[in-house]
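Peer 1: Add 30 to a position in the sequence shown, counting from 1, and you land on the number used in our numbering.
By construction, these hints were calculated from the structure, which means they are not laboratory data.
There could be a bad hint or two in this list.
To be verified - Each computed EDC-like pair below joins lysine to aspartate or glutamate, with the alpha-carbon atoms no more than 20 Å apart:
hint	residue 1	residue 2
1	Lys106	Glu75
2	Lys146	Asp124
3	Lys46	Asp143
4	Lys74	Glu43
5	Lys146	Asp110
6	Lys146	Asp50
Unchecked claim - Here are the in silico distance ranges between beta carbons for each label pair:
hint	residue 1	residue 2	range
7	Gly96	Glu75	15 to 21 Å
8	Tyr34	Thr92	15 to 21 Å
9	Met68	Pro132	34 to 40 Å
10	Gly153	Thr92	30 to 36 Å
11	Gln129	Asp87	38 to 44 Å
C-beta: ideal position from N, C-alpha, C; glycine also.
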Amino acid sequence: MIGYATIGSNDIERAKTFYDALLAPLGGARTFANGDRMQFYGSKETPGMIAVSKPYDGQPATAGNGSMFGLPAATKEQVDAAHAAGVAAGGTCDGPPGQRMPTFYGAYLRDPDGNKVCVFNMG
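Taking the hints into account, I'd like the entire structure generated from these sequences.
Peer 2: Given below as structure tokens:
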């Protein structure tokens with residue numbers, strides 16, 4: 031249902047390092063870029079994409095209060111691996127991997143710009 035989501039960044043190179051690491055365990059990789067201001071990520075398994083971008087208005091990127099995006103993982107082990115990779119690549123833990131509800135296993139972290147991300151497995 032979602033085509034893509036755009037996440038603001040003040041340092042695209044730092045954001046690429048983070049999202050390269052976070053998305054690799056989930057099968058995500060760089061797809062295409064729009065110059066030096068935007069990088070898209072996707073995978074062959076899902077149609078949706080994520081982009082990290084400098085804001086078009088030239089103002090600093092800020093993390094939204096209450097904003098978060100979720101990245102589906104095929105297994106709990108992928109959730110664990112993505113969370114660990116994201117933290118190792120400059121993110122901060124915002125909730126360690128664990129069973130949140132009977133059918134929801136998730137991990138929360140913030141990227142280097144403060145954007146909140148959840149990696150989750152349903153089942």
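Peer 1: If a hint holds in the structure, say so; if it doesn't, say that too.
Peer 2: Structure-based check of all given hints:
The hinted pair formed by Lys106 and Glu75 meets the criterion: a straight-line CA distance of about 17 Å does not exceed 20 Å. For the given pair, Lys146 sits about 8 Å from Asp124 by alpha-carbon distance, which is consistent with the 20 Å threshold. Simply put, Lys46 and Asp143 have alpha-carbon atoms about 12 Å apart, close enough for the 20 Å limit, and the pair holds. Our distance criterion of 20 Å between C-alpha atoms is broken by Lys74 and Glu43, whose separation comes to about 24 Å.
Only pairs whose Cα atoms come within 20 Å are accepted, and Lys146 paired with Asp110 is accepted, the gap being roughly 16 Å. Annotation: proposed proximity of Lys146 to Asp50 holds, straight-line Cα distance about 16 Å (limit 20 Å). Distance hint for Gly96 and Glu75: a CB-CB separation of about 28 Å, inconsistent with the stated range 15 to 21 Å. Taken as a hint, the range 15 to 21 Å holds for the pair Tyr34 and Thr92, whose Cβ atoms sit roughly 20 Å apart.
In this structure, Met68 and Pro132 meet the distance hint of 34 to 40 Å, their C-beta atoms being roughly 39 Å apart. The hinted window of 30 to 36 Å between Gly153 and Thr92 holds, with their beta carbons roughly 35 Å apart. Between Gln129 and Asp87 the beta carbons are some 41 Å apart, a value that agrees with the proposed interval 38 to 44 Å.
Figure legend: structure checked against the earlier numbered hints; hints not met, in rising order: 4 and 7.
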